[in-house]
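Heads up: the sequence lines are chains A and B, in that order.
With the working numbering applied, the first sequence covers 14 to 518.
With the working numbering applied, the second sequence covers 49 to 710.
These aren't lab readings, by the way, just hints derived from the structure by calculation.
Residues from chain A that face chain B, not an exhaustive set, calculated with beta carbons under 8 Å:
#1 Met305
#2 Ile306
#3 Asp347
#4 Gly390
#5 Leu407
#6 Val419
#7 Phe433
#8 Phe437
#9 Leu441
#10 Leu451
#11 Lys455
Short, incomplete list of chain B residues facing chain A, as computed with Cβ under 8 Å:
#12 Phe195
#13 Glu198
#14 Gly209
#15 Met222
#16 Leu237
#17 Ile268
#18 Val647
#19 Arg648
#20 Ile650
#21 Gln652
#22 Ile663
Beta carbons are placed, not taken as given, at the ideal position from N, Cα and C, and that holds for glycine.
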Amino acid sequence: MFADWPLLSLLIWLPAIGGVLVLFVGGDKHAARARFLALFFSLLNMFFCVLAYIYFDNHTYKMQFVENITWIPAYGIHYALGVDGISLPLIFLTAFTTLLVILASWKTIHQKVSQYLATFLIMQGMVIGVFAALDSLLFYIFWEGMLIPMYLSIGIWGSENRSYAAIKFFLFTFMGSALMLVALLYLRIQVNSFYILDFYEAPLSMTVQVLIFVAFLLAFAVKVPMWPVHTWLPDAHTEAPAGGSVVLAALMLKMGAYGFLRFSMPITPDASRALDWFMITLSLIAVVYIGMIAIAQKDMKKLIAYSSVSHMGFVTLGCFMLYIITAKTGNVLDAYMGLEGAMVQMISHAFGSGAMFLGFGMLYERLHTRLISNFGGIAKTMPIFSAFFIIFALSNIGLPGTSGFVGEFMIILSAFKANFWIAFSAALTLIIGAVYTLWMYKRVFYGTIANEHVAALKDIGKLEILIFSLITITIFGIGLYPAPLLDMFHVSVGHLLELSLRSKL
Amino acid sequence: MIVHHIQTASLICILSPLLGAAISGLAGKRIGNRASHTVAIVGLAISFAAAIYLFAQVVLYKVPVYNADLYLWGGSGRFSFHAGILVDSLTTVMVTTVTFVSLLVHVYSIGYMRGDPAYHRFFSYMSLFTFFMLVLVMGNNFLMLFFGWEGVGLVSYLLIGFWFERESAARGSMKAFIVNRVGDFGFILGIAVVLAYFGTLDYAQVFKQAPSLAGEIVDISGTQFSVITVMALLLFVGAMGKSAQIPLHVWLPESMEGPTPISALIHAATMVTAGVYMVARLSPLFEFSEVALSVVLVFGATGALFLGMLALVENDIKRVIAYSTMSQLGYMMAANGVSAFSAAIFHLMTHACFKALLFLAAGSVIVALHHQQDMRKMGGLRKYLPITYITFLIGALALAALPPFAGFYSKDAIIEVVKQANTPGATYAYYCLLIGAFVTSLYIFRAFFMTFHGEERMVDDQNEHKHGHGEIHESEYFILLPLVLLAIPSIFLGFMMVTPMLYSGQFSLLGSSIYVAPEFDFMTALVTHYDGPAYMALTAFMHPPFWLSVLGILMAWCFYVKYPYWATYTRKYMEIFYCVLKNKYGFDAFNDFFFVRGVRGISQFFYRIGDVKIIDDCMVNGTGRAISHMSAWVRKLQSGYLYHYVFVMILGLFAFLAWVLL
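Chain B with its partners taken away, still in its complex shape (with noise of 0.2 Å):
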C-alpha cells in the first residue's frame, strides 16, 4: 500500500516538471507568459509538494527503502538495462532540496525574466533541467543516472547559451558542454567497467557484488590496476566535470553568461552538486578504494582553496559567487574523500540555500543597476536595495561559516572531520580547507562590501555621470519573495538538521544510503564530542576556522570600506601573486593553446595531408591518372598498320618455337 504511494509520488515528483515543461515550452507562444510560468511553476510546486511527501514518509515514518524498475528499457545477451526508481533517504534529501531552490528560482524568473522575447523558452528550459535532475538522485541505476547527467549538461548548455546572439554566450556554451564532455568520457568508461565486472548497471546488486571485488585486479597494457581503484576514479573523472573540480573547472566562470536565476539554480544548488552526489551515492564503490578517496580528497581540497582565491581579484560580482561555488564544492568533495558522505550531502545542502540566494542577491543587485555586474561600478547600494541587502549578508554570513548561520554547522563539521582522518593526504587537505575558511570569508565580504558599501561608483555607460538616484529602487515583489524564503533556510537549516545529519550515529539521516567502511569512520569520533548545535555554536571560537573567518571579514572591512588605499597597497606589493590569479592559473591559456588550437591543428592536417593530398590526390585521382596514362601508352600499340602487327605476330611466333624447341 505505502509502497504504491510512494511509487505514485515519485512518478508525480520527476514527471510534473516536464509536463510544465512540454507545455510552456511548445504553446508557450500560444498560450501566452503569463500561463507559461504558471504552468512551469504550479508543476514545480506539485514536484515539491511530493518531495516533501517522500520526505516525511522515508525521514519521519522510515517506510523501507522503495527500489523498483519501471519498465525494461532494453536488453541485449546477459544485460538487461532498466528505467527505475529508487526512494531512500539521500534521494528524498536531494529532491526536496532540488524542487525548493528550484520552486524559488522559478518564482524570482518571472521578476528576472520579464520583458524577455523567449520568456516562455526560459521557464520551459528549467523545469526541463529539474526534471533531469530528479531523474539523476532518483534513478536507481547508472543508465538512469547517466541519462540524468548527460540531460541536465544539456539543458545547463542551453541556458548558458540562452541569450545566444552574444558571442560570449554561444562560446560558454559550448565550452561548458564540450569540458562537461571530457568528464563524460571517463564516466561512461567507468559504467562500461562496472558493467564489465559486475554484469549489471543496478546500483542494488552493484553494491551487493563490491565486496567481493575488492582484491580483483585488472591488466590494462601490462600494469596491473584494483579494479575498483579504476572504476572508482574513471568515475570521478566524470564528477570532476559536472562538478567543476580542477582541471575540469574552466567552464563554471563562463557559465555566467546565462541569466542570474540560471547561475543560481544550475551553477551553484543543483547541478553542479551532482558529483558530490554521484560520490556519496557510490559510496559502497568509493569505500573500497582507499586510492580513489585519497584522490578525491587531495582534488577536492586543493580546489577548495586555490579556486576560491581566484574570487579575491575578481570584479564581475557573478563570477565572483562562481569562485565561491567551485571552492564549495572542493569543500564537499573533500569531505566525501574522508569518507564524510553524510557531511558533504549536508554541506550540499545548506550550500544550495545560501549560495542560491548569494545569485539571486547579486541578480537583484544586476536587475537594479540595468544589468551592471562589475563590482567597481557599484558601491553604497545598501541605502537604495535594503533587503536586497539584508538577504545577501545572511548569504555571505552562512557562506562564511559564521555561527549560528547553516554554512557554520556543515563545513565546521567538514573541517574537523578531515583533522581527524587519517586517508593519505588528509594533512595537506586540512590546511588547504582552514586557509579556505580565511579566503572565502575574505571575498566574500570583499564583494559585499564593494556591492552595498563605500562611496558610489555607478557610472551611466552612456552619459558617464552618475546615475539619478531616484533611478535605483528595490526590485519587484516576485524577486524579493525568494530572497526572503531562501534566507530562513540560510539561517536556521544547519542548527536544526545539523543533529541529524550528522551526529546521530547509526540513526542518522542517510544511514541507510550511504556506507562508511569501519576503518575509514572518522565522522563517529566527532559524535562523541558533540552536544547539540547550540554547544557548537557556542564554543565555536575555540576552533581556528572561527578565528579565520572573522579575520577575513576584519581584513575585508579594512580594504575596502575604512582603508581602501590599502587595497592599491598590497596589489602593488604582491604583483605575482595578483597576475598568478588574474590569470587563473594559466588554465585557460594552457588549454587554449594545447586543446583547442592544438586540436585545430591536427584536424586541419589530418584533412589536408590524409585526406585531400595522400588518399585523394594521391591514391585515388592518382590511379585515375595512372589509368589514362597506361591508356595512352597502350593506345600507341594499337596503331591500325598491318605491318606493326605482323611483326609482332611473327615474333612472337619465333618466341613460341624457341621456347617449344629449347
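Bound conformation, chain A alone (with noise of 0.2 Å):
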C-alpha cells in the first residue's frame, strides 16, 4: 500500500511541519515537550525512507517514486521528485543524520530550545529536497533555501566568532550558485523545460559545455568544498554548533559532489572529459595540501574540518577518474569502481567527519575549549568516550573493517588503473591522514591528565552512548559488508557512466 504514497513528498515536507509544530507547542518553558515531537518527527522520517529502500528497485536507472506536478505553468515550472541509486542513499543519510542531531541535542541545548530543533528539521526537508529535486528550478530553490537554516544555526548557536563564520558562509556558498542559476536558465531556454533529465540531452556545443560546466563547477566546488575554495569551512565549522557542524559535514559537503553527478557529468559530458586533468588536480592538492594543513592545527575543531576537506577531496577524485580510466583500458566496466568508491566515500565521510565532530561537541560542550593543548589524559577520565572516538577516529583513517575504508581502498585501486602518480599521491593520505588524525588523538585523550578541568570529567550517559552506538554500527555495518551498499549504485551508476561517456559534440 505504501508503494503508491508520495513518498518523496512525505520525506520533504513532514520534517517541515514538523519544524512549525515544533516552534507553536515549544518555547523554553516546554522544552520537553517540543524535544520529544521532533524526536518524533524524525523517527517517522527514518521510517518513511526505510520504505523508500524497501520499495526501491535496485534493477532500474530510471528514476522511482516519481512526483509531478505542474506548478508554475507559466514558465513551464514543475514539482518533480523522484529518486534513483545514487540519490537515495543520501536521502537515507539525511534522515539519518538529523536523528542523530536531534538526539545530540538533547543534553546539550538549553537556549532556544525549540527553534533550534526546529531549524535542524526544516533543514531536513529542504536536503532532501535537494537530493529529489528532477525539476532544475526546485532544486535551485531547494539548494539555496537550506542555506537560510544553516546560517542561523551558525549565527544563533555559534561561539564567539560566528557572525563573520556565517557571512562568510552565507557569501561563499550563495555567491558560487548564483552562476548556477545562469546555467540552469540558459539550459531552460535550450531544451524548453526545467527537467533534469531533458538537460541531459541538449545539444551543446563545447565553448557552450565548458561555460556551462564552469557555471557549475563554482556552485559545486564551494560546496564539497574543493581547494582554494575551501576557507569558508573550518570557519563556519569552528563557530558552528555540534549539531551544525554535524549537519554540514555529513550533508552539505555531499550535495556538491551529488551536483557533480546529477549535473556536470552527464549534462556537460565532453567538458567534463576536457577539463578532468583539472578536476584531478585539484582534488590530489584538496587530499595532499589540505591533510597536510590539518596536521599543523592547534585547534581540535579546526583539525576535524580540514580533514573532513581533505576526505572530500577523494570523492571528487573518485567521480571524475572515469575518462582516463576508459580512455586507457576501453572498458566502462573498469570505470564503475572510481564512482562507486566516490559514491560510498560521500555516505561514510558523513560517520567519520560528523561522528567526529559531535564527539567534540561532547567534549567542547564540558570544556568550552577548542584548543589541543587544553586537552589531555581524557581516555583516564572518560574510557567509554575515548573507545567510541577512537573508533571514528580510525574510520577516519581508512582502517578496513570500518566504512572509511571501502571508498578509499576502491578509489586508490581505480586511481592505478587512470594513472600510477594518481593512485600515489591519493595513497599519501594513507599516512597523512594518520598523522593527524593520530596525533590529535594522541595529545587529547593519551597522557598525563592535563588540568583539573580534565580531571573533573565525567564520562558519557546512556543517550550519548545510544548515539554512537548508532553511528558505530553503521561504521562497521558498511565496513564488514559494504555489497548492499553498492548494489543500490550500481545501475544508477551504470547509466551515469554510459550519459557521460558520450559526446553531444
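Assembling the complex is the task here: the two chains are given apart, and the hints tell you how they should meet.
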C-alpha cells in the first residue's frame, strides 16, 4: 500500500511541518515537549526512508517514486521529484543524520530549544528536497533554501566569532550558486523545460559546455569544498554548534558532490572530459595539501574540519577519473569502481567526520575550549567516550573493517588504472591521515591528565552511548559488508557512466 | 563432508577469539577480572584445538587445499571482492603457531597483569589481536590479508599505548602506527597493481595468471619496469613496515613500551612475522622477479647483521630482545630472498617459540624486580629465579643456534642455503648472516650473563640501598607454566620438524602452498647432503656458524663474568664504533629531523602562508575589502546634487552625438 504514497513529498514536508509545529508547541518552558515532538517527526522520517528503501528497485536506473505536478505553468516549472540509486542513499543519510543531531541536542542545547530543533527539521526537509528534485528550478530553490537554516544555526547557536563565519559561509556558498542559476536558465531556453533529465539530451557545443561546466563548478566546488574555495568551511565549522557541524560535514558537503554527478558530468560530458585533469589536480591538492594543513592545526575542531575537506578530495577524485580510465582500458566496466568508491566515500565521510564533530561537541560542552593543548589524558577520565572516539578516528583514517576504508580502497585501486602518480598521491592519505588523526588523538586522549577541568570530567551517559552506538554499528556495517550499499549504486552508476561518457558534439 | 568440517573448524578457529574479545571487552567491568580472562582463554583454547584439528587434517591426512569464499564483500564493475578462507599447509603451520603462542601468553598475562586497572581490556585486546592475525593468515585474497594486516597494526597500536598516561608509551604507539602506515602505503599500491593487471585479488587466480605476466612491462613516467617487479617491491614495502626491515624498523624498539606479554606475542612471535609470511604466501609472484628477490635478500641480510649489532650496546633487557627480533626477521627475509620460503617459515616457527620464551622470561625477571628493565641494575639472579634462569638459558641457546636446540636447525639451514644461492647479493648476504650468527650469540649471552650471573647490582630506586634479598622471589605459577611449555618446543621443535619442513623434497610439508621456480631451487641441493636431524646436530662442528656461536658465548662470558674490565677497556678503544651503535646509525635523528620536523614545518607553512595569507587574507577578505573600497568610490558619484547629474547627462549626450555624427 505504501508504494502509492507520495513518499518523497512526505520525506520533504513532514519534517518541515514538524519544524513549524515544534516552533509553536515549544518555547523554552516546554523544552521537553519540543524535544519529543522533534524526535517523533525524525523517527517518522526514518520510517518512511526505510519504506522507500524496501520498495526501491535496484534493477532500474529510472527515477522511482516519481511525483510530477505542474507548479508554475507559465514558465514550465514543475514540482517534480524522484530518486535513483545515487540519491536514495543520500536521502537515507539525511534522515539518519538529523535523527542523530536531534538526539545529540537533548542535553546540550538549553537555549531556544524549539527554534534549534525546528531549524534542523526544516533543514532536513530542504536537503532531502535537493536530493529528490527532478526539476532544476525546484532543485535550485531547495539548494538555496537550505542555506537559511544553516546560516541561522551558525549565527544563533555558534561561538564567539560566529557572525564572521556565518557571513563568510553565506557569501561563499551563495555567490557560487548565482552562476549556476544562469546556467540553468540557459539550459531551460535550450530544451524548453526545467527537467534535469531533459537537460541530459540538450545538444551543446564545446564552448557552451565549458561555460556551463564552469558555472556549475563554482557552485559545487564551494559546497564540496574544493581547494582553493574551501576556507569558509573551517571557519563555519569552528563557529557552528555541534549539530550544525554535523549537518555541514555529513550533508551539505555531499550536495556539492551530488551536483557533479547529477549535473556537471551528464549535462556537459565533453567539457568534463576535457577538464578532468583540472578536477583531478584540485582533488589531489585537497587530499595532500589540505591533509598537511590539518597536521598544523592547534584547534581540534579546525583539525577535524580540514580532515573533512581532505577526505572530500577523495570524492571528487573518484568522480572524475572515469575519463582517463576508459581512455586507457577501453572498458566501461573499469570505470565503475572509482565512481562507486566516491559515493561510498560520501556516505562514510558522514560517519567519520560527522561522528568526530559530534564527539567534539560533547567535549566542548564540558570544557568550553577548542584548543588541543587544553586537553590531555581524557582516556583516563572518559574511557567509554575515548573508546568510541578511537573507532571514529580509525574510520577517518580508513582502517579496513570501517566504512572509511571502503571508499578510499576503491578509489585508490581504480586510480592506479588511471595513472600511477594519481594513485601514489591519493595513497599518501594513508600516511597523512594517520599522522593528523593519531597525533590529535594522542594529544587529546593520551598522556597525563592535563588540568583540573579534565580531571573533573564525567564520562558520557546512556543517551550519548546510544547515539555513538548507532554510528558505530553503521561504520562497521558498511565496512564489513558494503555489498548492499554498492548494489544500490550499480545500475544507476551504469546509466550515469553511459551519459557521462558519450559525446554531445 | 571433510570440506564441510574444514570450513567449520576454520570459522571456529577465527571467531572464537573474537567472541572472547567482545565479551571480555564489552562486559569485562561487569563480569569481573576472573571471568574476563577465563572467557578470553577459553576462546583461545577452542581456537587452538581447532588449529590442531586443521593441522592434523592437512598435514597428516593430506586433505586437499580448502579454498572458498564466505560472502561477497562488495563488487563494482567487473571486480568483486570476497571474504574467504584458504586452508593449506602454510596456513595451518601459521595458525597453529599463532594460537599456541597466543594461548600461552594469555595464561602468562594472568600473572603479569594482575592488579592492572584495565585488566579485562588487556585480555580483550589480546584476543582481538589473535582474531586479526588469524584472518591475516587464513584469508584467501589480498583484501583479507590487508584487513588482518591493518587489524593487527591497530591492536599493536592500542597495546603499545596500553599505559597511555606515559608519554613514551603514547608516542611509541603513534610512531608504530605511522611507520607501519608508510609500509601500508606501498602495500596498498601493490594491491592496486595486482588488481590492475590480474583483475582479481584472489590468490589462486592471481597465482595462476602470474606466469603469463612475467614479461609484461609497465611505463611509469617514461621509465620501463617489469610489472611483477613493481608489484612485488611495492608489496615488500608493506612487509618492511610490519616485519621491521631497514629503514622501517624504527618503530619496533619503541613498541617495547607496551606490557611484556605483548612484546612476546605481537612484537616477537606473530605480528612482526606477518611480512615474512606475506612474502612466502606470495612466492608465486616473487619467484618471477629476480630483482625483487634480490632486494628482499639484501634488505633481510643487512638487517640481520646490523640491527643485531645494536643489541650489543643496549642495556634495557626488553630492547635487547627487540633488536634480536629484528635481526632474526632479517634471517627469515633473507631466506625468502633466496627462495627458501620453507626455511623462512620454519625459522618463523622456531623463532616464535624461543623468542616468546625469551620475552616472557625477561618479563618474569622484570616482575620479580618490580618493573626494573635496566640490566645494569640486575645480576646474579640465577639464585633467586631458578626456573626463569633455566628457561631463559634454553631460549638463549636456541637463539644462538646451538645444536640440538630449535634455532639451530632453522638458522643453520638458512645460512647454508644462502651460501648455495646465486641470487644477486647472495655472497654479501652470506657473510652478513655468518657474522650475524656470532653477533647473535654474543648479545644474547651478554644479556644472559648480565642478568643472571656476576655480582648483584639491584638497587632500590627510593633508598639507593640493596634490595633485601628476601624480596626477590620466583614468579607465580601462571608465569612459570608458559615458560616451561615454551621451553619444550624451543628444545625439540627443530629436531622434530626439520625433516618434514625442509628436507623432504617434493613431499615437504609446505610443498603445495609455496612455489619455487626451478632456477631458484637451492633447497634441493641441500637435501642431497642431508642425513637426518641427529647427524646434522652431530656434524655441526664442521660448519663455521657453530664455532661463531660458541665464540660469541665465550666472549660474552669473558666480558661479563670472568673479566668484566675487558668490556670497559674495549669500549674505550672502540669509542667511534660504540657511538655509532648507541645512536642506532642515526636513523632516529634523521627521521626526527627530516620527517617529524620537516612535515611539521611544511604543514605550518602551507597553513600560515597558503591558507591564511594567500587564500583568506588576499583573495577572500581581499575581495571583501576591494568591494568596500569600490563602493566607497562609487558612493562619491552619488553626490545628490542635481547639477552633478545634469552635467554628466550633458557629457553623455555630447559623447553620443559625437559617436553618431562621426
